[in-house]
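Using the hints, put the two chains back together into the complex; each one sits in its own frame.
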Amino acid sequence: RKEVEQDPGPFNVPEGATVAFNCTYSNSASQSFFWYRQDCRKEPKLLMSVYSSGNEDGRFTAQLNRASQYISLLIRDSKLSDSATYLCVVKGNAGGTSYGKLTFGQGTILTVHP
Amino acid sequence: NAGVTQTPKFRILKIGQSMTLQCTQDMNHNYMYWYRQDPGMGLKLIYYSVGAGITDKGEVPNGYNVSRSTTEDFPLRLELAAPSQTSVYFCASSKTDRGYEQYFGPGTRLTVT
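In order, the protein sequences belong to chains A and V. Mapping of the first sequence onto the working numbering: residues 631 to 744, in sequence order. Mapping of the second sequence onto the working numbering: residues 18 to 130, in sequence order.
Any given hint might turn out to be false.
As the list claims (entries may be wrong) - Listed next, with one range per pair, are the computed distances between beta-carbon atoms:
hint: 1; chain 1: V; residue 1: Asp55; chain 2: A; residue 2: Pro644; range: 27 to 35 Å
hint: 2; chain 1: V; residue 1: Ser101; chain 2: A; residue 2: Pro638; range: 20 to 28 Å
hint: 3; chain 1: V; residue 1: Ile29; chain 2: A; residue 2: Thr648; range: 38 to 46 Å
hint: 4; chain 1: A; residue 1: Pro640; chain 2: V; residue 2: Asp43; range: 31 to 39 Å
hint: 5; chain 1: A; residue 1: Tyr700; chain 2: V; residue 2: Ser84; range: 36 to 44 Å
hint: 6; chain 1: V; residue 1: Lys112; chain 2: A; residue 2: Leu710; range: 43 to 51 Å
hint: 7; chain 1: V; residue 1: Ser84; chain 2: A; residue 2: Arg631; range: 33 to 41 Å
hint: 8; chain 1: V; residue 1: Ser35; chain 2: A; residue 2: Ser682; range: 44 to 52 Å
hint: 9; chain 1: V; residue 1: Gly57; chain 2: A; residue 2: Leu710; range: 21 to 29 Å
hint: 10; chain 1: A; residue 1: Thr648; chain 2: V; residue 2: Thr87; range: 42 to 50 Å
hint: 11; chain 1: V; residue 1: Pro25; chain 2: A; residue 2: Pro640; range: 41 to 49 Å
hint: 12; chain 1: A; residue 1: Pro638; chain 2: V; residue 2: Asn79; range: 20 to 28 Å
hint: 13; chain 1: V; residue 1: Asp55; chain 2: A; residue 2: Ala697; range: 28 to 36 Å
Keep in mind the hints are simulated off the structure, nothing from the lab. Since the model is a prediction, treat every value here as computed from it, not as a measurement. Glycine residues also receive a C-beta, built at the ideal position from the N, C-alpha and C atoms.
Isolated chain V (complex conformation) (with noise of 0.2 Å):
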């Protein structure tokens, strides 16, 4: 049982470049959340889904799309990236969003220069 995992663990992209930030969990969880932490700062929501076939923005959703095709899978994809975009991306996922407890995968660093 991997629980949630994420690859890469980083990278360096140039400004306008594209990538995609791969997350998958094994617990058959129906919730996943994608945040991004920046130095010193909380976790910010960018996207999450409720199970396969639904998503829905958080609070920083813009620069970043995302699709739920299986139970497993989470993928995140940065369009046109830019420096604003450096920080740590962490996928979690939580059986039901009611209190339970949410399990992060190890995170991607990712540098925008």
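With the rest of the complex left out, here is chain A (with noise of 0.2 Å):
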């Protein structure tokens, strides 16, 4: 099983439309967890962080379910603009170490369209 699994897509939706991203993460012990964006031959960028209680960034809402070890990302009213791949990211457990160690998704493409 990977360590972090997303659903590579492509999720291709209108304007406007409301989408959602999953992921999964296989460590228990994992502590942090993020978005990450990346644009189309472009590095990637933090979106937001997810926190436990689950937070909102304007049209951006992540949740976290430790219990399930999943984590979502919800888009809504989606924009042209919105069309990247997002990247779902997982801090483990530095386990005494000074550092921990992020694993990322492969990814899950969005292409909005007029």
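Next comes the structure, spelled out in structure tokens:
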């Protein structure tokens, strides 16, 4: 089983649609969770952190379910500019060392069309 | 404030050649990382550094070497390039590893033929 699994898509949605992405992780000791966005042929950039109580940033809502080891990202009122690959990222337990490894999912491709 | 810069942007190597990918950050971050990203795959950690003079292996270190003589620079050395090293290489930095955002450079697209 992959450490972080995402549905690669692609998701093709019209402008204004609501779309949700899911992600599962295998390490129950994982401590921090993030969604990164990667535009075509560009570097990843942090979209938002994911908190246990769930959090919202404008049109974006992230949820975490530790019991099910599941993370989600909801995008409301999709814009053309939301077209990108969304990477689910999990930070593991440092285990006594000073470093906690980031593990990236393969990404979910979103295309928003007019 | 340029953030994380990488050179070169593109490179084609012949099998067996060597090269160094350069990475510099101007944010005074202690932590720096090298990742590779193969098509349709997530990023894999090659090496990381928690400060000048300290480096350690990530998931896929074979065929690579790093050094960290200053806080700003973290070059990645490829020795005896192989086709399996064809990939996009990203350098990143973060203030610490405790949940802080990692900032990525624009990447180096490397082809080994």
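How the hints compare with the structure:
1. Asp55(V) to Pro644(A): 27 to 35 Å: holds (31 Å)
2. Ser101(V) to Pro638(A): 20 to 28 Å: Once the Cβ atoms are compared, 22 Å apart, the range 20 to 28 Å for Pro638(A) and Ser101(V) holds.
3. Ile29(V) to Thr648(A): 38 to 46 Å: The hinted range 38 to 46 Å holds for Ile29(V) and Thr648(A), with Cβ atoms some 43 Å apart.
4. Pro640(A) to Asp43(V): 31 to 39 Å: holds (36 Å)
5. Tyr700(A) to Ser84(V): 36 to 44 Å: Given about 40 Å between the Cβ atoms, the range holds.
6. Lys112(V) to Leu710(A): 43 to 51 Å: violated (33 Å)
7. Ser84(V) to Arg631(A): 33 to 41 Å: holds (35 Å)
8. Ser35(V) to Ser682(A): 44 to 52 Å: Since the Cβ atoms of Ser35(V) and Ser682(A) sit about 46 Å apart, the hinted range of 44 to 52 Å holds.
9. Gly57(V) to Leu710(A): 21 to 29 Å: holds (23 Å)
10. Thr648(A) to Thr87(V): 42 to 50 Å: Roughly 47 Å apart at Cβ, these two residues keep to the hinted range, so it holds.
11. Pro25(V) to Pro640(A): 41 to 49 Å: Since the Cβ atoms of Pro25(V) and Pro640(A) sit about 31 Å apart, the hinted range of 41 to 49 Å is violated.
12. Pro638(A) to Asn79(V): 20 to 28 Å: 26 Å Cβ-Cβ, so the 20 to 28 Å window holds.
13. Asp55(V) to Ala697(A): 28 to 36 Å: Given a distance of about 33 Å, which is inside 28 to 36 Å, the answer is holds.
The structure fails to meet hints 6, 11 from the earlier list, while all remaining hints are met.
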